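Keeping their order, the protein sequence lines are chains A and B. Numbering of the first sequence is given in our numbering, commencing with residue 1 and proceeding in unit increments. Numbering of the second sequence is given in our numbering, commencing with residue 1 and proceeding in unit increments.
Please keep in mind that the hints were generated in silico from the structure rather than gathered at the bench. Some hints could be false.
Copies of one chain are not kept apart here, so a pair can be met inside one copy or by any two copies together.
To be verified - In silico SDA-like pairs for lysine to any residue, Cα to Cα no more than 20 Å straight-line:
1. Lys-148 to Gln-26
2. Lys-196 to Arg-105
3. Lys-209 to Ser-219
4. Lys-88 to Lys-148
5. Lys-294 to Asp-200
6. Lys-209 to Asn-33
7. Lys-241 to Glu-278
8. Lys-294 to Gly-253
Since the structure is predicted, the reported quantities are computational estimates derived from the model, not experimental observations.
There are 2 protein chains.
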Amino acid sequence: MTKLSVGFIGLGIMGGPMAGHILSNQYPLTIYNRTRSKTEELASQGAQVVNSPAEVAAASEVTITIVSDSPDVEDVVAGPDGVLEGIKPNSVVIDMSTISPEVERQLDEKLRAKDCSLIDAPVSGGDVGAQNATLAIMAGGDREVFEKILPLLEVMGKSIIYCGPVGSGQLTKLCNQILVAVNLLAVSEALVFARKNGLDSSVMIDAVKGGAAGSWQLSNLGPKIVNRDFSPGFMVDLIIKDLRLVMEAAGTGKVSLPGTALVSQFFRSVQAGGQGEEGTQALAKILEDLASLKS
Amino acid sequence: MTKLSVGFIGLGIMGGPMAGHILSNQYPLTIYNRTRSKTEELASQGAQVVNSPAEVAAASEVTITIVSDSPDVEDVVAGPDGVLEGIKPNSVVIDMSTISPEVERQLDEKLRAKDCSLIDAPVSGGDVGAQNATLAIMAGGDREVFEKILPLLEVMGKSIIYCGPVGSGQLTKLCNQILVAVNLLAVSEALVFARKNGLDSSVMIDAVKGGAAGSWQLSNLGPKIVNRDFSPGFMVDLIIKDLRLVMEAAGTGKVSLPGTALVSQFFRSVQAGGQGEEGTQALAKILEDLASLKS
Chain A
1 MTKLSVGFIG LGIMGGPMAG HILSNQYPLT IYNRTRSKTE ELASQGAQVV NSPAEVAAAS
61 EVTITIVSDS PDVEDVVAGP DGVLEGIKPN SVVIDMSTIS PEVERQLDEK LRAKDCSLID
121 APVSGGDVGA QNATLAIMAG GDREVFEKIL PLLEVMGKSI IYCGPVGSGQ LTKLCNQILV
181 AVNLLAVSEA LVFARKNGLD SSVMIDAVKG GAAGSWQLSN LGPKIVNRDF SPGFMVDLII
241 KDLRLVMEAA GTGKVSLPGT ALVSQFFRSV QAGGQGEEGT QALAKILEDL ASLKS
Chain B
1 MTKLSVGFIG LGIMGGPMAG HILSNQYPLT IYNRTRSKTE ELASQGAQVV NSPAEVAAAS
61 EVTITIVSDS PDVEDVVAGP DGVLEGIKPN SVVIDMSTIS PEVERQLDEK LRAKDCSLID
121 APVSGGDVGA QNATLAIMAG GDREVFEKIL PLLEVMGKSI IYCGPVGSGQ LTKLCNQILV
181 AVNLLAVSEA LVFARKNGLD SSVMIDAVKG GAAGSWQLSN LGPKIVNRDF SPGFMVDLII
241 KDLRLVMEAA GTGKVSLPGT ALVSQFFRSV QAGGQGEEGT QALAKILEDL ASLKS
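With the hints as constraints, model all of the structure from the sequences given.
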């Protein structure tokens with residue numbers, strides 16, 4: 001079976017290793033990155049480097065994009081020298097960025113006008129998941145198109161779930177971020193309550209984590225908060241971006257999310273304090289400040 | 001080794017099966033319950049039924065109490081015909097109710113004046129945990145006393161953790177309830193966001209539960225909310241009581257808990273709507289109301 005020709009745009013901390021897995025699985029790969037130096041390693045391994053997203057699309061049956069935010073995806077796909085200018089009929093764009101579900105729907109419209117289609121497929125699992133090809137991938141779009149590109153997604157991730165029509169991958173990712181953020185507020189409040197009342201926080205975590213109070217956030221970020229380790233697994237600046245997307249989509253969808261709104265504001269306070277590049281667990285420091293606990 | 005003589009006060013949905021395990025493990029057992037009919041089954045199995053908490057304490061080296069709220073424990077221990085009126089020196093009271101940590105400290109003082117001591121040992125795991133002896137038990141008090149009564153706790157529970165001085169069991173249980181309540185707000189908001197935006201909620205849960213968004217609340221109560229099953233695992237009325245204890249202790253300890261306060265108010269709204277005897281997952285209906293989603 002001939003492998004699909006693949007294009008990859010956005011070779012950052014996530015995209016770099018993801019593109020590497022595609023290449024090492026013998027897919028013909030064409031790449032573009034705004035900062036050209038980031039293409040060098042993959043080029044040395046056999047990837048074709050080109051000068052624009054349009055050139056990537058012209059050379060590829062499937063073009064993958066993974067960039068920062070909604071305007072970046074719009075620019076790469078629909079801007080000057082963008083994917084739409086080079087793409088051939090019956091091609092597929094897979095956007096693996098975390099962006100607005102509404103923007104994905106708009107781009108899908110534009111691609112359909114060229115007899116192409118869009119799969120939105122944001123990921124979770126962080127840079128470690130990208131390196132080890134253990135990402136969770138949440139995909140939206142036409143089901144037949146999804147089935148066609150599934151083997152390609154399987155090269156990058158471990159849990160790949162089809163979530164529904166285009167935009168559904170993003171909506172699922174946003175649900176993920178609601179859960180992550182509000183669960184972390186739970187962990188932060190329990191820890192500040194424990195500490196201020198003189199409990200041994202580590203013992204508290206061990207006592208409750210196996211039952212109804214248990215969560216990934218408690219088991220993984222709770223001990224980091226106790227040990228004053230605020231290095232980023234996932235950065236505050238990035239969760240603020242994602243929660244902005246949640247609140248935008250909540251506005252479009254007419255949903256009221258008081259807990260998510262509250263924790264978003266606290267994350268903004270972490271950012272305001274100059275700690276936007278710390279890990280999300282820095283949220284705990286805001287709760288400590290509110291209780292006049294010194295770090 | 002002669003087994004400790006045990007007294008048990010409070011044979012409700014939790015206490016009944018817990019006392020049963022003690023009896024079936026060959027501890028001599030003396031029991032009292034306000035509603036006497038609830039003593040009959042254990043009496044038929046060999047437990048000694050008496051007429052007051054004082055008589056229980058007089059017959060027992062260790063007296064266990066598990067009743068509803070702080071005033072009930074105060075009444076049973078320090079009220080007329082209470083434990084303090086019958087207790088012999090060097091005895092232990094284990095309070096397994098969920099009540100105020102401060103009240104436990106006050107009762108410990110009174111017990112110490114009689115050369116006795118208190119272990120506060122609230123539980124989690126619900127009626128199923130009580131029946132199967134798989135409760136999590138969070139204990140506070142003198143460490144030596146804890147070690148002495150540990151084999152007795154092991155008859156009722158699976159995970160038994162020593163948390164620190166008297167009151168620490170309650171404080172740990174309250175941390176557990178903060179986590180449970182705020183995690184459930186996370187789940188409720190993610191589900192209402194998913195539903196209002198047209199996602200398949202079950203698919204969303206499956207897509208995210210294995211990663212950083214995962215929690216006991218999501219895996220266990222999420223599907224109940226999707227299936228409109230609001231039968232109680234743990235009742236709204238009871239979590240409201242526990243969150244009241246949290247906010248009282250937060251006041252004493254000078255801690256600010258904005259997320260817990262928010263979710264407490266939503267649980268009160270469930271109660272106000274006449275659904276206090278539903279399971280805690282009925283919280284989701286408040287978020288649905290806020291988004292004008294019909295059940």
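Status of the hints after comparison with the structure:
1. For a Cα distance limit of 20 Å, the shortest separation of Lys-148 from Gln-26 inside one copy, 17 Å, qualifies, whereas the shortest one across copies, 65 Å, does not.
2. In this homomeric assembly, Lys-196 and Arg-105 come within 20 Å of each other (Cα to Cα) only across copies, at 17 Å, whereas the closest approach inside a single copy is 48 Å.
3. In this homomeric assembly, Lys-209 and Ser-219 come within 20 Å of each other (Cα to Cα) both inside a single copy, at 7 Å, and across copies, at 14 Å.
4. Only within a single protomer do Lys-88 and Lys-148 lie at most 20 Å apart by alpha-carbon distance; the minimum there is 17 Å, versus 77 Å between protomers.
5. Proximity of Lys-294 and Asp-200 under a CA criterion of 20 Å is satisfied intra-copy only: 16 Å inside one chain copy versus 44 Å between copies.
6. Taking the shortest alpha-carbon separations for Lys-209 and Asn-33, neither the intra-copy value of 43 Å nor the inter-copy value of 33 Å comes in at or below 20 Å.
7. For a Cα distance limit of 20 Å, the shortest separation of Lys-241 from Glu-278 inside one copy, 14 Å, qualifies, whereas the shortest one across copies, 37 Å, does not.
8. Taking the shortest alpha-carbon separations for Lys-294 and Gly-253, only the inter-copy value of 15 Å comes in at or below 20 Å, while the best intra-copy value is 41 Å.
Hint compliance for this structure: hint 6 is the single one not met.
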